[in-house]
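Visitor: Since the structure of chain H is already known, use the hints to place chain C on it.
Protein chains in written order, with this note's numbering: chain H, 2 to 114; chain C, 162 to 355.
Treat each hint with caution, since some may be false.
The list that follows gives simulated cross-link-like pairs (lysine-lysine, BS3-like), each with its CA atoms no further than 27 Å apart [claimed, not checked]:
{"#": "1", "chain 1": "C", "residue 1": "K242", "chain 2": "H", "residue 2": "K4"}
{"#": "2", "chain 1": "C", "residue 1": "K174", "chain 2": "H", "residue 2": "K4"}
{"#": "3", "chain 1": "C", "residue 1": "K316", "chain 2": "C", "residue 2": "K174"}
{"#": "4", "chain 1": "C", "residue 1": "K174", "chain 2": "C", "residue 2": "K317"}
{"#": "5", "chain 1": "C", "residue 1": "K174", "chain 2": "C", "residue 2": "K242"}
{"#": "6", "chain 1": "C", "residue 1": "K242", "chain 2": "C", "residue 2": "K317"}
No wet-lab data here; the hints were simulated from the structure.
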Amino acid sequence: MKKPLVAYVVGFILSVVLTLLAYLTVTSHAFSAPVTITLILSFAVVQLYVQLIFFLHLGTESRPRWRLVALAFGVLVVAIVVFGSLWIMDNLNYNMMHSPDKMQQYIDKQGGF
Amino acid sequence: MEAENALQARNEKTLLGFWVYLMTDVVLFATLFATYMVVRNGTNGGPAGADIFNLQFVLVETMLLLVSSFTSGLMAVAARKGDIAQAIWWLIITFTLGASFLGLELQEFSKLISENNSWQHSAFLSAFFTLVGTHGLHILFGLLWSVVLFAQLVKKGLTNNVTRRLSLFGMFWHFLDVIWIFIFTIVYLMGVVS
Numbered sequence: 002m003k004k005p006l007v008a009y010v011v012g013f014i015l016s017v018v019l020t021l022l023a024y025l026t027v028t029s030h031a032f033s034a035p036v037t038i039t040l041i042l043s044f045a046v047v048q049l050y051v052q053l054i055f056f057l058h059l060g061t062e063s064r065p066r067w068r069l070v071a072l073a074f075g076v077l078v079v080a081i082v083v084f085g086s087l088w089i090m091d092n093l094n095y096n097m098m099h100s101p102d103k104m105q106q107y108i109d110k111q112g113g114f
Numbered sequence: 162m163e164a165e166n167a168l169q170a171r172n173e174k175t176l177l178g179f180w181v182y183l184m185t186d187v188v189l190f191a192t193l194f195a196t197y198m199v200v201r202n203g204t205n206g207g208p209a210g211a212d213i214f215n216l217q218f219v220l221v222e223t224m225l226l227l228v229s230s231f232t233s234g235l236m237a238v239a240a241r242k243g244d245i246a247q248a249i250w251w252l253i254i255t256f257t258l259g260a261s262f263l264g265l266e267l268q269e270f271s272k273l274i275s276e277n278n279s280w281q282h283s284a285f286l287s288a289f290f291t292l293v294g295t296h297g298l299h300i301l302f303g304l305l306w307s308v309v310l311f312a313q314l315v316k317k318g319l320t321n322n323v324t325r326r327l328s329l330f331g332m333f334w335h336f337l338d339v340i341w342i343f344i345f346t347i348v349y350l351m352g353v354v355s
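Chain H extracted, bound-state conformation (with noise of 0.2 Å):
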């Protein structure tokens, strides 16, 4: 009986640290972007990770993990949409044509047509 009780207190403390280490890296500009955004990104992976631990229980459930045979399907999902989109979106956003002061520029850096 004691024990979700302590699944629950030490998620709750490990969420409350990573949510202030996040903000802290940010807001005390220690690190260069790219750096804070990895760093940031990571707090957030490993805080979902705990939550799906202590909050959520999935460590415990019983065979056949159903729920997480779940959660991988949704994970998957997430990865395709998310880095798919940006990806096809970065890459048009590349081969677009530009502005007429961009293209003249482009011209006259390769030297003329």
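Guide: For chain C alone, kept in the frame of chain H given last:
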């Protein structure tokens, strides 16, 4: 004993079904996150994230939601122990914290709108309001759900059905906090960094 096992198996099935629903909600939020990340630089001459986000304010929101996620867990623990008075108190505290969170979010939205930075201004703001607003809408429905559960707790006590519904509500509430971790990180923190 056998009847109890059958009941237990039915409860487990319902919890799994609800979990599958939550995963479809994950897909919904994935599309909104993807949209936001694609158009977040499309500010149309208007403000970018760094101009309008107040991190201290958002940190308070985040902590309110995190504490309410914690107290909803304590409510589920109390319900499973059969302690109805404690369960009711944790439910009231969870509701109050969730309502405060929603109040702060609405305050942030109304401030943005009054400064002429509504969702009509730019692609960035459209995506921001849609993503954060959809989360807020989930919170609103969670709050309505908790009011219904409060009435059921008072009227029926901790029956099997009510206890199971409290567990489902707890799952829903934890899930909304998990989504908020990523809104906090990707929208607010990253918005201020770049």
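Visitor: For each hint, tell me whether it holds in the structure or not.
Guide: Hints versus structure:
no. : hint               : in the structure
1   : C:K242 with H:K4   : holds (12 Å)
2   : C:K174 with H:K4   : holds (23 Å)
3   : C:K316 with C:K174 : holds (26 Å)
4   : C:K174 with C:K317 : holds (23 Å)
5   : C:K174 with C:K242 : holds (21 Å)
6   : C:K242 with C:K317 : holds (16 Å)
Hint check: no violations occur; every hint is consistent with the structure.
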